[in-house]
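Participant: Construct the complete structure from the given sequences, taking the supplied hints into account.
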Amino acid sequence: MPDDLREGRIVIVGASLAGLRAAETLREEGFTGSLTVIGDEPHPPYDRPPLSKQVLLGRMAADSAALPMRRDPDAEWRLGVRATGLDPVGKQVLLADGESVTYDRLLIATGTRARPWPNADEAALDGVFTLRTRDDAGRLTKRLAAGPRRVLVIGGGFTGSEIASACRERGIEVTLAERGPGPLVGALGGTLSMLAAGLQRAHGVDLRCGVTVTALRGNGRFTGADLSDGSRIDADVCVVAMGAVRNTEWLAEAGLAAGPRGVACDAGCRAFNMYGIVTDDVFVAGDAARFPHPLFEYQMLSLEHWGNAVTQAEVAAHNMVSPEPARRPHLAVPVFWSSQFGLNIKSVGVPTFSDQVVIAQGSLDERRLVAVYGYRGRITAAVTVDMAKWLEYYQGLIETAAPFPPGPGAADGRPLVAAFPVPSNVPDPKGLFHGPTVALTGHLPDRRLTVVRPAD
Amino acid sequence: MQIVVDLTRCQGYAQCVFLAPEVFELHGEEALLYNPAVPDDQLDRVRQAATACPVQAILLGKEVSAGAR
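Chains as they are written, first to last, in my numbering: chain A, 1 to 456; chain B, 1001 to 1069.
Derived from the structure by calculation, the hints contain no laboratory data. Among the clues, some could well be false.
Said to hold, decoys possible - Non-contacting residues of chain B with respect to chain A, defined by C-beta distances greater than 10 Å in every case (computed):
no., residue
1, 1011
2, 1017
3, 1018
4, 1019
5, 1021
6, 1033
7, 1040
8, 1041
9, 1045
10, 1048
11, 1051
12, 1052
13, 1056
Claimed, not checked - Covered stretches of chain B, as calculated for chain A (at least 3 residues, CB under 8 Å):
no., stretch
14, 1001-1008
15, 1057-1065
Glycine is no exception: its CB is placed at the ideal position from the N, C-alpha and C atoms.
Facilitator: Have a look at this one:
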């Protein structure tokens, strides 16, 4: 490896949001060596959030969501070819077409894919879809435009709820089946799940919670599904929205700490090997990464958030071309958003890292509110519904570990609407169809190395 | 030209909706929908919108062209 980190060969595996932003940042930071970006989809980097919103509504074509570049990263784009393996000793990425690419430093940004329906024969029925790629969105939109009698959505997470929302807006009958007690409960807990359930029913969604789908029926073509409560849903389209699977299988022989929860890395985005020793030349960013966050007791976070893909890619790229003392930690507070049934839901912090929740502004009845989450007496998250301008304020409280519940007048001078915090009721993700957007798993042993300012 | 709006940052001020209503629209009170592929005749308006955005959430640029090096 050249002594100068701004030279040499860098390979990025993953040509979506994180891969693109990392490539741009490498050049911004003065990297002058060769840069190769490998992507398994044949398309240049595109934006995924519109796929479950504008695209399904028919307001834009699925193939028109290409991401703009901040600058041309002057990279070689190897698109439409999957990375199948990694040789960490020979420093090579192995490709599905039999070729290999040599690197001095590697960034893993392979993200996630839609979790498929577990029964392959049933999943192959015509009319059964998942939604992750622009090709998925194109196919599903075409089918929705043909005017199906009813759509069955399996899974009440953000994607499933957004799909149900788009269907209702198009006037299509929808049944949403969720194994857990309510939609969005895995990401937002019980209180906001009640709001989401009321919202769905008010918009005409046939919402079935606490049930599983036991079989998809059809003879070549999907015709309906059996539920665990003995009922049967007749539908001609089924969308499986059961969360995401991290694309880490290609690293099985790479000797890295890679598995179903992602690739473990340090706060500087350097991947751990299987012994928990940090590597110097393999970095990871975006949905595929698992990293420790000081604000959340150094638990390893895996985030499927647009904003995290960007900020983590920027930190990873910076650290790939910077010597040790100049390296930065990835400490951004997680933020995500969803729009469904005409509402804008935004979250800051980690709502699942909570034991209590209080509605600090607005109310469930108004469908306009700020819910503040606490864990052992400090604020760890806030979720706004149509009150996005408040998000920054609560982010400040999270970053300074402000006490929970927020005092009267903490936000807009009004007394807290719900005077008493209630349990946040974040369920065990095992009981849900949809995975939580944030997964909290385990601790890191090096917490003493980071200084955290006490709340007082 | 393509745009992407950083909806992590967007606070629903809707300046873009006033300046380029054919590209940006509000869905409900503050959820922003937009068309990422900007028609040529909307470019000036989208540039104004990007400049006017109070939280600077709109990025305008070229897409990666396939086969680029």
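Participant: Against this structure, judge whether each hint is valid.
Facilitator: Going down the list of hints, with the structure as the test:
1. 1011: 5 Å, violated
2. 1017: 13 Å, holds
3. 1018: Non-interface label stands for residue 1018(B): nearest chain A Cβ at 17 Å, farther than 10 Å.
4. 1019: 18 Å, holds
5. 1021: 13 Å, holds
6. 1033: 5 Å, violated
7. 1040: Non-interface label on residue 1040(B) holds, nearest chain A Cβ at 14 Å vs cutoff 10 Å.
8. 1041: 16 Å, holds
9. 1045: The assertion about residue 1045(B) holds, with a minimum of 16 Å to chain A.
10. 1048: 17 Å, holds
11. 1051: Consistent with the label, residue 1051(B) stays out of reach of chain A, its closest Cβ about 15 Å off (over 10 Å).
12. 1052: 17 Å, holds
13. 1056: 13 Å, holds
14. 1001-1008: Since three or more residues must qualify, the claim that chain A covers the stretch 1001-1008 of chain B holds, with 7 doing so at under 8 Å.
15. 1057-1065: holds (count 7)
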